[in-house]
Structure formats: structure tokens, C-alpha cells
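Using this note's numbering, the first residue of the sequence shown is number 1, and each one after it goes up by one.
Source of the hints: derived by calculation from the structure; they are not laboratory data.
Only a predicted model underlies this, so the values are computations on that prediction, with no experimental measurement involved.
Please note: incorrect hints may appear among the correct ones.
Said to hold, decoys possible - Cβ-Cβ distance ranges computed for the label pairs, FRET-style:
#1 I79 <-> D31: 25 to 31 Å
#2 K198 <-> A80: 21 to 27 Å
#3 I113 <-> D184: 33 to 39 Å
Positions of the beta carbon are idealized from the N, C-alpha and C atoms, including for glycine.
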Amino acid sequence: MNSIKTTLTAFLLLSLTTLNGAFSAPKYRIDSNNSVVNFSTIKKQYVVEPAVFEGITGSISSSGKAEINIDLSSVNTNIAIRDQRLKALFFKVVKFPQASIKATIDMKKIKSIRYYKRMEIPAILEFYGVSKEIKLEVLVAKVYKKKLLITSMKPIIIDANDYGIPAKNLIALSKTVGGLSLSDKVAVNFVLSFAHNK
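With these hints in hand, go ahead and build the complete structure from the sequences.
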């Protein structure tokens with residue numbers, strides 16, 4: 001009798017684990033090697049300095065729940081000392097290691113795409129410990145039926161003041177470039193490649 005109970009218990013646990021995995025497994029995962037978030041800083045009102053975040057992870061569930069995580073320590077300006085200063089003086093990556101975007105995508109619209117489709121997706125950006133509503137204007141393209149390519153059609157304007165980033169952070173960064181004026185707003189664009197989860 002005990003052996004039957006043990007067998008039934010084991011079977012139920014295995015079934016629950018399998019079902020949980022089936023429901024929680026994402027439909028698409030970020031292809032980190034082919035995804036990037038980029039932005040530009042502006043100094044002296046007209047000098048534009050581009051930068052990218054290369055550490056991008058995330059997924060989209062079968063119900064359309066999407067989460068994109070940006071590793072702020074992966075910032076790359078092609079100048080090592082500038083990267084270090086951005087991480088230490090502005091982003092404060094030790095305390096705030098990542099930014100994230102959470103959204104719900106209409107999967108019926110995704111399924112209806114033959115080649116590509118322009119979409120507007122409401123989302124929440126979590127950055128520097130603050131969450132703000134944003135709108136993503138994107139182009140969604142299907143690639144070989146197994147991949148999605150989501151690219152920004154319009155840049156996201158991020159204002160440091162909206163996320164409570166202290167002015168002293170920008171001042172400290174400004175001092176490293178001879179006290180030149182730095183804009184507290186940046187335009188952010190992205191290319192996100194998603195692979196179908198097998």
C-alpha cells in the first residue's frame with residue numbers, strides 16, 4: 001500500500017512539474033548576440049557621442065508577457081575610460097545594475113503578421129529604482145517563422161530627472177570632460193532579435 005502511495009505521489013509531483021514548465025516556458029527568448037540598445041549623449045549642445053548596451057536578455061511568453069533586461073555595466077562607447085565613468089558616476093551600476101522594460105504584447109497581432117507590422121506597445125520602464133509608463137513605437141518582423149525582429153520606429157526620450165537621477169551625477173560626469181555641458185536627456189533606440197523557444 002505504501003509503495004502505491006509513493007508511486008502516486010511521485011507521479012503527481014512529476015505531472016505538476018511538467019505542467020508548470022509548460023505554462024511558464026517562454027515562447028521567444030532574446031538572441032543576445034544579435035540584440036542591442038543604443039543611445040547618444042550630447043555635450044556642448046552639438047557634440048553627439050554614441051553608446052550601446054550589449055548585455056540584453058529577456059523573453060516573451062505565449063500569453064504575450066514580455067520582459068527585457070538591460071545590463072547597465074555592458075555600456076560600450078568604444079572608449080574604456082568613458083565606459084568606466086558612465087558606470088561609476090552616472091548609472092551607479094553597483095546599486096542599480098540593470099534597467100528593465102515590461103510589457104504585454106497582443107500575440108494575436110503577432111500571429112497575424114505575414115512579413116512585418118508596425119505596432120504601438122504600452123510598457124513600463126524600470127530604471128534607477130523608478131518605474132515609468134512609456135510607449136514603444138516598433139516594427140515587428142517575422143523571420144523564417146521562428147524568429148521575431150522588433151526594432152524601434154521612434155526613439156524613447158529618457159529624461160534623467162524623471163527617474164530621480166541626482167544632478168550631481170551629471171555634474172560629476174561633466175567634470176571629467178573639462179566641465180562641458182552635458183544634456184540630461186538621451187534618445188534611446190533598440191534592435192531586439194527573438195528566437196522561438198524550442
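Structure-based check of each hint:
no., hint, verdict
1, I79 <-> D31: 25 to 31 Å, "holds (27 Å)"
2, K198 <-> A80: 21 to 27 Å, "violated (38 Å)"
3, I113 <-> D184: 33 to 39 Å, "holds (37 Å)"
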